[in-house]
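Engineer: Chains F and C, in that order, give the protein sequences.
Counted from 1, the first sequence has number 103 at position 103 by the working numbering; the numbering is strictly sequential.
Counted from 1, the second sequence has number 131 at position 131 by the working numbering; the numbering is strictly sequential.
FYI, nobody ran anything at the bench for these hints, they're computed from the structure.
Given the structure is predicted, the values throughout are model-derived calculations rather than measurements.
Glycine is no exception: its CB is placed at the ideal position from the N, C-alpha and C atoms.
Warning: the hint list may mix true and false statements.
Computed list of chain F residues with no C-beta within reach of chain C, every gap over 12 Å [said to hold, decoys possible]: (1) A30; (2) A83; (3) E314.
Okay, derived cross-link-like pairs now, SDA-like style, lysine to any residue, Cα gap no bigger than 25 Å in a straight line [claimed, not checked]: (4) K182/C to L212/F; (5) K182/C to G215/F; (6) K182/C to P214/F; (7) K182/C to A87/F; (8) K182/C to A24/C.
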Amino acid sequence: MRSLTERALRARRALELGCRVAALALLGWALLAALRTGDGADARPRAVRGDALARELAALTLEREAGPLHVELPGAPAAAERAWLRALARSGRAVSWSGEAPPTALGVDPVAEPTGGVVISAAGPSGSVLRLLDEAGTIDSARVRHGGIEVRVPALEGRARVTAGATTATSALPDSLALRDVVVLGRPSWETRFVTAALEEAGWRVALRTPLAPGQVVQQGSVALDTARVGAVVALDSSASSVAETVGRFVRAGGGLIVTAAAARDVSALAALAAGANGPLEAPSLADAGDSLTRGDLPLVPITAMRPDAVVLERRDRSVALAARRVGAGRVAQVGYADSWRWRLSGGDSGVVAHRRWWSALVASVAHAPAHPRADTSAEADPAPLAATVDALGAARPRPEDAARAAATLPTPVLFALIVLLLLAEWLSRRLRGAR
Amino acid sequence: MTDFTFATAQYDSGDWDSAPLVPANVIDSLARYTTIDVAPQGVIVPLGSDAIFRHPLLYLTGHLPVRFTEAERRNVARYVERGGLLFVDDHNHDVDGAFHRTATEELRAAVGPLAPLPNDHALYRAFFRFDDGPPTTSHELNGWGDNLVHPNLLAVQRGGRIGVLYSSKDYSSEWNYHPDSKRFMSVDNTRFAVNLVVYALTH
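Only chain C is shown next, with the shape it has when bound in the complex (with noise of 0.2 Å):
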């Protein structure tokens, strides 16, 4: 049986590695938490490859305007009708920035609009229970980016599960650390990657 595999998808456009840290993070956490069988490592796979297909979790962030190739965009509906998720992070956290504008779009083009995720929803019980919904992140307490917190995380559902998970909260910043950096913190702000990671594998 294979390990969970943390994957980063590489698209042709904009900055796709600007977290390099957040694998690391989450492995980390998965280890430290849960029993999961977790590779060591994460894989960073082109979006536009059949790579994708080895990898039902993929987790693409980046700053700058995302701009679908049409074999990713073509990738990314395929990958999410076969029961894939994809995860998309604005990094810059801001809903008029450049990210969120064109990642959005193309989303839409690929598998339809998104739309806000309950907060009672099953993927914040997974594992740690977050009754308030998405935890909120460091930068939207500080009043970065479009000076906002945002109460639900958007999503794109198949037959009762998550396809595409959109966050405008910006987790790529919140988990951009070294690991043993945990050491230094009262409530460990990696926690929502375990359900996020759970979720995925059980539902």
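Chain F with its partners taken away, still in its complex shape (with noise of 0.2 Å):
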């Protein structure tokens, strides 16, 4: 019993002792740690904030001791910067950079239309306002909810420019493309007269092939199929079939093409280029949608057994009612809506314009438009600014001596807090016990 008393006062100053020891070892770490931090600035990496960057350039490269630099961004920096820096980089000055640029991004596509105009694609992390802008302005500001934005605008002066936060993405000046005529091949049908004045409407140039008679056929321009003139055919209906297979060669070669449900049915050589099969009709009544028909009101031969390559465009409900797929070096739109033009006439007045539009988009997505590059300009472009800076310098770190201190230390209140725990169990110990 007494020997048991004994060993568990020796115990209790061992732990006494620990904690003293513990205490004292923390105070030593701490007081250390601080010495290293205030060690002299000749080993600490050069730091430079990105609102200073451009100005202190020149003299960071002059400097005749390169030791480490550290840039603080609060945002990507400007290609020109970047490129500098790049620079520094590979002279061998160790250059690290730390900050809080958005992934952003921007492309400009042309539109192959008449109208032309460009689509402005711009992404950036969710929950950000992105505001585009061109050389003569703001165009747009949206506030980014799946990962970007997209818009299309008229006409666009100069580059776009897309910014979030201090971070600004530039494209390249927008290829101008060539467009080409379109082929109608119809018989005499209000489809016919309609989608030639949609397309004429929205600024093509169409060529008209139409079958009056027996061995009478009529043609307003030429319809000689070759991608030097024509951008894209539409055939409508059986009337086709006598130029089907010049379509094929001219689809192969890189021309466009769109396929109703009735010219699939009709002609062989063209259902063989169609991204599927006809379906069985739907055919909704007409009378109940009154004057205010709309494209999802019209007779719909669904498109069905989908060939492997093509992909969906639009669906009615559970029916395909446009695909598309690659054949050669064309394209082939297949539409599955009948009688298009009873959207036009009873669509109420806004019928006219969105029959048009969609037909002239329509055409522009399957036409042949070769590119004319501006001159070259690339180098002045910065459509990714943080991808092109982590490709110059590496992913963002942070400051290299905040991540020593990180690394060296305690948060201060948790280090003191520690030592001054310690301390009062060692006291009240040996105060409870009665020593001294």
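Assembly of the complex is requested from the two constituent chains, each provided in isolation within its own frame, with the hints serving as guidance.
Structural biologist: As structure tokens, then:
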């Protein structure tokens, strides 16, 4: 019994000693870390803030003692500054950077329609506000919801830019497209009449080939199918049968083709190019729509048995209404809607414009329209500044002294509380057993 | 794909059904000369209803004064703006007559003034060739009505296309007979109707 009490007392004294030693050790470590942080400035990387970067780059380049350089950037640096920093890094100087540059990217694609225009696609973090500009000023701004935004503008003045915070992405000048004619193959019908009208009103130069009587085919404009002159063919019905083989060669050479359900049904050579097969006709009552008929109210021959390389472009409920595929160097779109002219005539006051835009965009989506690149301005473009910065300088990293401090020290309040607790425990233990 | 259907406009005032045999005669000519898919019977559509937008070519005739209702006037304006072609023929063949004065006034109010259509217009080459412009009718040559041979048709055009075609030549009388009677004619006088339909379907 006595020996047990002595053993407990010895353990208690050892614990008290441990507390005292631990407290002193922590105190010594904190002192050492503070001394290390306060070491000479020569060993610390040179820190430059991004807003002073442009001014300091020349001085940095001419410094005799080329120590490590760390740049604090409010956003991704401009292309010229980035190139300068990369040159410094390549010259042997350790260059690192930190900052909150949002991942931003910008693409500009010309629209292959006579009305021209460009589609600006900008990516940014969800929740951020992107501001689109060109050299004439602000175009639009929007909050990102699903990774990016897309805006179609009728014209672009110079380059497009998108800003997110302090980061700016800049596009190259969009290419200019050489638009070709459109050839419409159709029997004399309201569909032929109004598809032709819609395309002409949209600015396309349209040549029409229509058989009027046995042995009598009327041609308005030249319908010789050659990708040097013709961008796309619209085959509306069986009247395309006499030139179907030529159409096939035209598509494989890079031309575009739009095939309606009637053409796919009646012309086997065109069915072979189409995205799929014709399903059973779905014909809602047009009278129900009155004067507010939409594309969704049109008769539909759904596209079924899709080819493996076909993509669905539009659905109505579960039925495929529009699909496309590549054939050789060309593109083929298959349209399931029938009698689209009803949309124009019975579509209310907006029907004419909606019908026109839809057909024009459809033709543009397949038309052969070779790009005429502008003079090489790619060096001035900066479409993805963060990616380019990471490529040039590596990923962002904390300032070296911050990293060292974070690794070497516990937060001061925690350290202080720990030392006090250890000393208090040791003192209480001693006093409670009667020692001084 | 829908077949072409010959549609006659029914308006509230006047005698819109004064030439009931014209549709069958025109349909017969289309089937006779062309490969156009044509419905075997014509239809009658109220000018003030949405049904006119299902027929991009409308035939309107009569002898009596024409006074459009507000709905008819609005529909005619929309019809032309959307690309429809309204063919109006004066069954009186009389520029001083009640139909001509009132119909042209109503059309002016709905879609603007009528202007002479040049006789080298594509309409006259759409299927048959009419090098001298609109074919004369027996009523013109007989001196009935205003005793004039009208050198031109009148038209309102939209975007280079005819939106309203107006005739004082009285084709309604000229074509208002049973199609079987064509066999007694040396030249089919409905050939211009074929041009009109082909033009509407292709321009």
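Engineer: Are the hints correct? Go through all of them and say.
Structural biologist: Against the structure, the hints come out as follows:
1. Distance check for A30/F against chain C: the nearest CB is about 84 Å away, which clears 12 Å, and the non-interface claim stands.
2. With a minimum CB-CB distance of about 53 Å to chain C, A83/F clears the 12 Å threshold, and the non-interface call stands.
3. No Cβ of chain C approaches the Cβ of E314/F within 12 Å, the least distance being about 20 Å, so the stated non-interface status holds.
4. Note on K182/C and L212/F: the hinted pairing holds, with a Cα-Cα distance of about 21 Å set against a maximum of 25 Å.
5. Restraint check for K182/C and G215/F: the C-alpha separation of about 24 Å stays at or below 25 Å, so the hint holds.
6. Taking the CA atoms of K182/C and P214/F, the gap is about 21 Å. The hint holds against a cut of 25 Å.
7. For the hint linking K182/C to A87/F, the alpha-carbon distance of about 92 Å lies beyond 25 Å, and the restraint is violated.
8. Among the hinted pairs, K182/C with A24/C is consistent with the structure: their alpha-carbon atoms are about 12 Å apart, no more than 25 Å.
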